[in-house]
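Line order of the protein sequences matches chains G and B.
Using my numbering, the letters of the first sequence map in sequence onto residues 1 to 274.
Using my numbering, the letters of the second sequence map in sequence onto residues 1001 to 1274.
Just to be clear, a hint being listed does not mean it is correct.
Chain B residues, not near chain G, derived (Cβ > 10 Å throughout) [to be verified]:
#1 1007
#2 1009
#3 1030
#4 1032
#5 1065
#6 1069
#7 1096
#8 1139
#9 1180
#10 1201
#11 1206
#12 1221
#13 1226
#14 1242
#15 1257
#16 1259
Stretch by stretch, here's where chain G covers chain B in the computed footprint (C-beta under 8 Å, at least three residues) [as the list claims (entries may be wrong)]:
#17 1146-1157
#18 1171-1179
#19 1243-1249
Hints in this document: simulated from the structure, not taken from any laboratory.
Note that this is a predicted model, so its numbers are computed, not measured.
Positions of the beta carbon are idealized from the N, C-alpha and C atoms, including for glycine.
2 protein chains.
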Amino acid sequence: MRDGMRAEAPIGMFDSGIGGLTVAKALMERLPRESLHYVGDTAHMPYGDKSPERLREYAYGIAERLRREGCKALVVACNSASSNALEAVVEAAEGLPVIDVVHPMVAWAATHHAGGRLALIGTRATVQSDIYARLLRARGVEVTSLATPLLASAIEEGFHNGTISHAVVEAYFADGWAHDKDALVLACTHYPLVLEDIRAQLPPGMAILDAPTVVSAYVEEVLRTRGLLSTATDTAISRHRFEVTDWTQSFADGAAHILGHPVELLEVPWPETT
Amino acid sequence: MRDGMRAEAPIGMFDSGIGGLTVAKALMERLPRESLHYVGDTAHMPYGDKSPERLREYAYGIAERLRREGCKALVVACNSASSNALEAVVEAAEGLPVIDVVHPMVAWAATHHAGGRLALIGTRATVQSDIYARLLRARGVEVTSLATPLLASAIEEGFHNGTISHAVVEAYFADGWAHDKDALVLACTHYPLVLEDIRAQLPPGMAILDAPTVVSAYVEEVLRTRGLLSTATDTAISRHRFEVTDWTQSFADGAAHILGHPVELLEVPWPETT
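The following block holds chain G by itself, in its conformation from the complex (with noise of 0.2 Å):
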């Protein structure tokens, strides 16, 4: 492909479920000429309680459809995934650009936070590669983590009751560990999707970092540099593509709820019988 022709691909998303769309949104609005096409894994949903081999497998098969579709970039919008299978993912990539939610967040913290000390929050899978606390050592920040391992499901599930995400909230922060940090990570892109009931848990003014921000920009600055960034001068919604590994009416809500307007949700076979 002509790198003429290779700008005007679309940007390959994937999760397990809509807290991936947390990011696309920020993407749509941040670079609004680029085209996504966005795979929710929700038949192996949630990532978050899965094994790293398990997660290895999902991401590789996934990013190498994204990669044969023509995608010009892949963005793991997935903690789970980034923490643990981020090599599969360039693997599969075969020298696409691959970007990844935990490089760009630690970038980000080590440089607004030095020498503070930072909270943090992520699925079981994400805290357990330990993947942020290391980085982020080794950049003089400490990290305090806990597995919030219900509280992705308890979004995804939160659309429809706002009770039960906040009570989920609250249980996990009731002991006020938090509290005398920094700042707090939402390390999993289906948090901000409760960023008030987070907040209300904090003292006043606490910073929450999290991923849509500071992943957009990264994503915006990675296109740039390569000269992928779309010159299209049409900007209609209709050019992004979602996919669901398994088609279920929550995902549609969530992705309504989150994108503004209700998706055409195409279910694509898992796995592939190629």
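Following the hints, put chain B in place on chain G, whose structure we already have.
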């Protein structure tokens, strides 16, 4: 296989995760001579948010595997699968007795609460199938159902942090919707694990109907009728076999909690490449 040999074959059982172990435990206590071959489809957990199509695919695959491995009967120890995929299991069973968790409970409730009004909680897949309400209404029992989609996941998490499952149970019953009913049906095999949390949300003395007792009695009846009850004199726990489609510490911890001792968990490939 001659009938005499067949009676000594294991009972095959499956669930998406640890919930079905509540039924397995009741079976071990009621029928200590039987061997169980249990599969937890953790790679696809939770089942409660999957589509009927996917549930049929998963249930068929596991049932076929259990049949091929020589099980003498199959127990669908999961309400989401029983409600949406029973025919697929019967097809895969090729004539083996299949016991689901819905029909024994319906028979029990219709007998013990004739003319009554029941409250029911279950996964989204179970409640949306409407199977309990349809079968019970046909027998003169009214059912008011609430999908409590987060509860099974909360229970898998709840062994590590009891406040979480408690908060979720409380949120689901907060508005008192179940208070004026005659009894509550726990239409998910995970829910007996938070029986006390649930009881605390109900009027004193309100009956709670759960699957382990009812279903294990029904399994005994079916095996006896078919001449398939084991006559083994050995009751060693080591004859049971526990498999998962994705090995996770959560399952290992949950299984040890429910069964009262650690079990050896084998990971089996999924989907199988045959």
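Among all the numbered hints in the text so far, which are the ones the structure does not match? Of the numbered hints given earlier, the structure breaks none, since each of them holds.
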